[in-house]
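Enquirer: Protein chains in written order, with the numbering used here: chain A, 1 to 281; chain B, 1 to 281; chain C, 1 to 281; chain D, 1 to 281.
Everything hinted at is true.
Output of the computed footprint for chain B on chain C, the stretches with three or more beta carbons under 8 Å from beta carbons of chain B: (1) 43–52; (2) 119–128; (3) 183–195; (4) 206–213.
Bear in mind the hints are in silico, worked out from the structure with no lab data behind them.
Yeah, the Cβ is synthetic: ideal placement off N, Cα and C, and Gly gets one too.
Number of protein chains: 4
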Amino acid sequence: MARFYSPSPNENSKWKIKIFDIVFGNDTHAGKWFDIVLILVILLSVLVALFDSIGTIHLSHGRLLLQIEWVFTTLFTIEYIIRLAVVKQPFRFARSFYGVIDLFALLPMYLSLLFIGAQYLAVLRVLRILRIFEILHLRRYTKESSVLINSLLNSWRKIFVFLLAMLAIITVFGAIIFLVEGPEHGFTSIPISMYWALVSVTTVGFGDITPVTPLGQIVASMLILLGYGIIAVPTGIYTAELATSLRRNYDSRVCESCGYKSHESNAKYCMKCGSELSEKS
Amino acid sequence: MARFYSPSPNENSKWKIKIFDIVFGNDTHAGKWFDIVLILVILLSVLVALFDSIGTIHLSHGRLLLQIEWVFTTLFTIEYIIRLAVVKQPFRFARSFYGVIDLFALLPMYLSLLFIGAQYLAVLRVLRILRIFEILHLRRYTKESSVLINSLLNSWRKIFVFLLAMLAIITVFGAIIFLVEGPEHGFTSIPISMYWALVSVTTVGFGDITPVTPLGQIVASMLILLGYGIIAVPTGIYTAELATSLRRNYDSRVCESCGYKSHESNAKYCMKCGSELSEKS
Amino acid sequence: MARFYSPSPNENSKWKIKIFDIVFGNDTHAGKWFDIVLILVILLSVLVALFDSIGTIHLSHGRLLLQIEWVFTTLFTIEYIIRLAVVKQPFRFARSFYGVIDLFALLPMYLSLLFIGAQYLAVLRVLRILRIFEILHLRRYTKESSVLINSLLNSWRKIFVFLLAMLAIITVFGAIIFLVEGPEHGFTSIPISMYWALVSVTTVGFGDITPVTPLGQIVASMLILLGYGIIAVPTGIYTAELATSLRRNYDSRVCESCGYKSHESNAKYCMKCGSELSEKS
Amino acid sequence: MARFYSPSPNENSKWKIKIFDIVFGNDTHAGKWFDIVLILVILLSVLVALFDSIGTIHLSHGRLLLQIEWVFTTLFTIEYIIRLAVVKQPFRFARSFYGVIDLFALLPMYLSLLFIGAQYLAVLRVLRILRIFEILHLRRYTKESSVLINSLLNSWRKIFVFLLAMLAIITVFGAIIFLVEGPEHGFTSIPISMYWALVSVTTVGFGDITPVTPLGQIVASMLILLGYGIIAVPTGIYTAELATSLRRNYDSRVCESCGYKSHESNAKYCMKCGSELSEKS
Numbered sequence: 001m002a003r004f005y006s007p008s009p010n011e012n013s014k015w016k017i018k019i020f021d022i023v024f025g026n027d028t029h030a031g032k033w034f035d036i037v038l039i040l041v042i043l044l045s046v047l048v049a050l051f052d053s054i055g056t057i058h059l060s061h062g063r064l065l066l067q068i069e070w071v072f073t074t075l076f077t078i079e080y081i082i083r084l085a086v087v088k089q090p091f092r093f094a095r096s097f098y099g100v101i102d103l104f105a106l107l108p109m110y111l112s113l114l115f116i117g118a119q120y121l122a123v124l125r126v127l128r129i130l131r132i133f134e135i136l137h138l139r140r141y142t143k144e145s146s147v148l149i150n151s152l153l154n155s156w157r158k159i160f161v162f163l164l165a166m167l168a169i170i171t172v173f174g175a176i177i178f179l180v181e182g183p184e185h186g187f188t189s190i191p192i193s194m195y196w197a198l199v200s201v202t203t204v205g206f207g208d209i210t211p212v213t214p215l216g217q218i219v220a221s222m223l224i225l226l227g228y229g230i231i232a233v234p235t236g237i238y239t240a241e242l243a244t245s246l247r248r249n250y251d252s253r254v255c256e257s258c259g260y261k262s263h264e265s266n267a268k269y270c271m272k273c274g275s276e277l278s279e280k281s
Numbered sequence: 001m002a003r004f005y006s007p008s009p010n011e012n013s014k015w016k017i018k019i020f021d022i023v024f025g026n027d028t029h030a031g032k033w034f035d036i037v038l039i040l041v042i043l044l045s046v047l048v049a050l051f052d053s054i055g056t057i058h059l060s061h062g063r064l065l066l067q068i069e070w071v072f073t074t075l076f077t078i079e080y081i082i083r084l085a086v087v088k089q090p091f092r093f094a095r096s097f098y099g100v101i102d103l104f105a106l107l108p109m110y111l112s113l114l115f116i117g118a119q120y121l122a123v124l125r126v127l128r129i130l131r132i133f134e135i136l137h138l139r140r141y142t143k144e145s146s147v148l149i150n151s152l153l154n155s156w157r158k159i160f161v162f163l164l165a166m167l168a169i170i171t172v173f174g175a176i177i178f179l180v181e182g183p184e185h186g187f188t189s190i191p192i193s194m195y196w197a198l199v200s201v202t203t204v205g206f207g208d209i210t211p212v213t214p215l216g217q218i219v220a221s222m223l224i225l226l227g228y229g230i231i232a233v234p235t236g237i238y239t240a241e242l243a244t245s246l247r248r249n250y251d252s253r254v255c256e257s258c259g260y261k262s263h264e265s266n267a268k269y270c271m272k273c274g275s276e277l278s279e280k281s
Numbered sequence: 001m002a003r004f005y006s007p008s009p010n011e012n013s014k015w016k017i018k019i020f021d022i023v024f025g026n027d028t029h030a031g032k033w034f035d036i037v038l039i040l041v042i043l044l045s046v047l048v049a050l051f052d053s054i055g056t057i058h059l060s061h062g063r064l065l066l067q068i069e070w071v072f073t074t075l076f077t078i079e080y081i082i083r084l085a086v087v088k089q090p091f092r093f094a095r096s097f098y099g100v101i102d103l104f105a106l107l108p109m110y111l112s113l114l115f116i117g118a119q120y121l122a123v124l125r126v127l128r129i130l131r132i133f134e135i136l137h138l139r140r141y142t143k144e145s146s147v148l149i150n151s152l153l154n155s156w157r158k159i160f161v162f163l164l165a166m167l168a169i170i171t172v173f174g175a176i177i178f179l180v181e182g183p184e185h186g187f188t189s190i191p192i193s194m195y196w197a198l199v200s201v202t203t204v205g206f207g208d209i210t211p212v213t214p215l216g217q218i219v220a221s222m223l224i225l226l227g228y229g230i231i232a233v234p235t236g237i238y239t240a241e242l243a244t245s246l247r248r249n250y251d252s253r254v255c256e257s258c259g260y261k262s263h264e265s266n267a268k269y270c271m272k273c274g275s276e277l278s279e280k281s
Numbered sequence: 001m002a003r004f005y006s007p008s009p010n011e012n013s014k015w016k017i018k019i020f021d022i023v024f025g026n027d028t029h030a031g032k033w034f035d036i037v038l039i040l041v042i043l044l045s046v047l048v049a050l051f052d053s054i055g056t057i058h059l060s061h062g063r064l065l066l067q068i069e070w071v072f073t074t075l076f077t078i079e080y081i082i083r084l085a086v087v088k089q090p091f092r093f094a095r096s097f098y099g100v101i102d103l104f105a106l107l108p109m110y111l112s113l114l115f116i117g118a119q120y121l122a123v124l125r126v127l128r129i130l131r132i133f134e135i136l137h138l139r140r141y142t143k144e145s146s147v148l149i150n151s152l153l154n155s156w157r158k159i160f161v162f163l164l165a166m167l168a169i170i171t172v173f174g175a176i177i178f179l180v181e182g183p184e185h186g187f188t189s190i191p192i193s194m195y196w197a198l199v200s201v202t203t204v205g206f207g208d209i210t211p212v213t214p215l216g217q218i219v220a221s222m223l224i225l226l227g228y229g230i231i232a233v234p235t236g237i238y239t240a241e242l243a244t245s246l247r248r249n250y251d252s253r254v255c256e257s258c259g260y261k262s263h264e265s266n267a268k269y270c271m272k273c274g275s276e277l278s279e280k281s
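In isolation and in its complexed conformation, chain A is listed as follows (with noise of 0.2 Å):
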């Protein structure tokens, strides 16, 4: 993160640069203290939220809880403003993900001023676990989370085309099965039993409404084979993405006493002829 909001060095405000280094960085022993430390207030915070959604805990604590969610908030305010201070570009800051995040973990409480219930949305403060990522060093995951990011990427555009043809089917199905079963068997409008196809043709199945007739059934069996049938099109494009992917692990090294190209990357020597491989450009 340095990278992006590192003060210039011509600042010469000496403790925005060690404030800095403990807020954003974690080279430090005072920079990983910090982290460690905020990410158990967030997880605390989250907690706080859950008990506090507890019909009977919110009856018999909610007072206690609201007051220490409150401190939480202000910290975290506190925290948010002195980012925002120690930075050399607040703006840019705001706008990036950490930044966005940051500031959606603090508005629920804000808002619930304004609007009750508000409150229970702090538990948008989990996002900020994510956070994880960078604290643990753990650049590796980084790497992990971009190869399946990357093959989802690669294959939205034939997403996109998918879940246009799932639309489709949905709209047709839930104007069908609303026709044959209508609201008498619960299916009481075409947004309902659109609802209804999606979860029918997902195998999610949660059985609230179900067809009753017949005819409705045999509706219901033939959307239920479509949905089998497809289920296979996002795994098969995902999996066929991510199988391409891993196989760039291989790299394009060519021996030069052999000639033979299917060596793996952390080789050092070809495994047909032993001689020594190039160094990797």
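On the provided structure of chain A, position chains B, C and D as indicated by the hints.
Expert: Relative to the frame of chain A, chains B, C and D by itself:
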């Protein structure tokens, strides 16, 4: 689409060509706007049908919504007639993919004069939105979906074998559970029991009908385990097929000697007749 | 099928050969028609059993349907006796795949004289329809299904290991949820709880029994996450196996001119140098 | 197992070696029979626990079943003590995989003297059956399961990233649906709503809690679509990993120069140090 229905140059009816460019083409300014307005009107008319299907809205605004739907239907009918009028081969258009969908989008409202409720099938208009692929000049999307569909077509024979096996499993288990559980536990007939078997084997599991006797639960467990095992089959078939499609990069070169079309992109000679292939342009 | 049961040429009973050709063969005109009629009669008799299982139809037309079913059974019995009579090795036929199915298709009706309800198992006749593959001369289908089945057989050892692990998971979680939730919440015994665990871990989720205590829901969540993780296992096993099978479609021919190896199995000329490929041996 | 616990030859206590061969080994006649009887007794004791958990059987035969269970427990305790007595390093055995399972299989009955109900955990004995792999000399099975498990281990980092993303999705959607639907529709707290979100996103869909307001159903639809999309992820990860494992055939040769172990089976030279590998025996 121009390639299919373009009026012959020697027809000389200038206005016909102009309207053709607007209605079918999307290269001119007018043609682009026509398509955008068309998509919006289609979406609007689908939304009207969705809202009309909600009981309370139907009671309070049903009359108004019906009038709006008729306005849309009239517009779409005029559009359909114009399309038929300006193409060189009206019958060929009428039997084409988009021609059939355009007609199907009109029928429900006219049928609703004969059969009550048919107007809700007006949501079939949602299929007209597939035209969006043509409009946005997104040839790539067409290519993407053709990869998906080709993989499905290549594996249809395997999927047919799979569906026949499924039918046998569902029939046999439907009969067994009908005998074991019987009508008093909701399995009122073999067809209903087959519906339950389908819902169970595909892991949808509505829960509207469930076995309650120990023997019935053992039969259900066997069916579910079977289903869990064979859910792998369609996914496996499709993924393997798709992976093969993606791995081999076929290009669009045609052999000038024998006309064979499906060449791998790294081929220099036709694998059917051995004559040299032209360079890729 | 002829290869198996064909009467020896020195048997000299001409009518036996003729009937054999009709009943088992499908090369002659009569043989083809016999098979088509047979399939239709099988489907009809299955439909009769399905309809008879519907309560209202059973009450109004049960007597008629039973008579029709007996007519079918008599016909099938005669057919089975003829098959036994005309093959050279009746015992070998009786123990063959189709022989066993033919017998199983007869038994339910005769058993129904002893056990009420057995007649519904007449739907097992649906298995006789698998003969359709032989009838339609669709060798390709047999090939397709053999690829599917071979992949399943190749991975049976892995699937056995997987099923044993599943059994352990289901037993352990079944016992835990039984202790946590207890009979008062529907988990009346460990076997029933194991049934629930199976239904949950396979993502079927009927919802006939569900945990209601917080601790029970945590146990359920862990079980579901486990199930979500291991649903990948059978799919992964099967897909990897199938992909290997499909890859083998490339044959092992080597171009004698340039040494290129990866030819498609329907290639006649090398796609790298254009020289003719040798015939497949 | 002999490799681990075999008594040193200079111990000279002949009977100890003999008993070791019976209890741990499966090469001698006595050793084989001991193992077969052991498996049967384990299965029997699990069945007793299963039957005892059924209410009606517990009432009528509970006393008898408890006595039988205690007989089994005594036998297993004696067996465990003998195992500890005859191995050279009792502590090492006690901490080994099978040693821990053997102890866990004993504890529930002794704990049942303190905590009512604990005896049902005796079904944990089912885990002892995993020993069947050792008994049947099925080295191949161990190899098969090691391929499955290695693929899981290789992809654990990706799966950890995936699970963290799942947790974030479940928490966020749990909070949203709690606000939208509220306690009056069964979503009594955020933890319960998170349980519902997990059940929905994994396509289990019990249906014990379901959204009833239009907005709640829209939120549920978004969650389900997300779940349908990401069900592809674990399957894709695992399949791609497994396919890689199966494609590459690593053999068990160890490089005599540098000790590197993971050689492909067609390698002639070590890819780490370049020295020649010995021929496969």
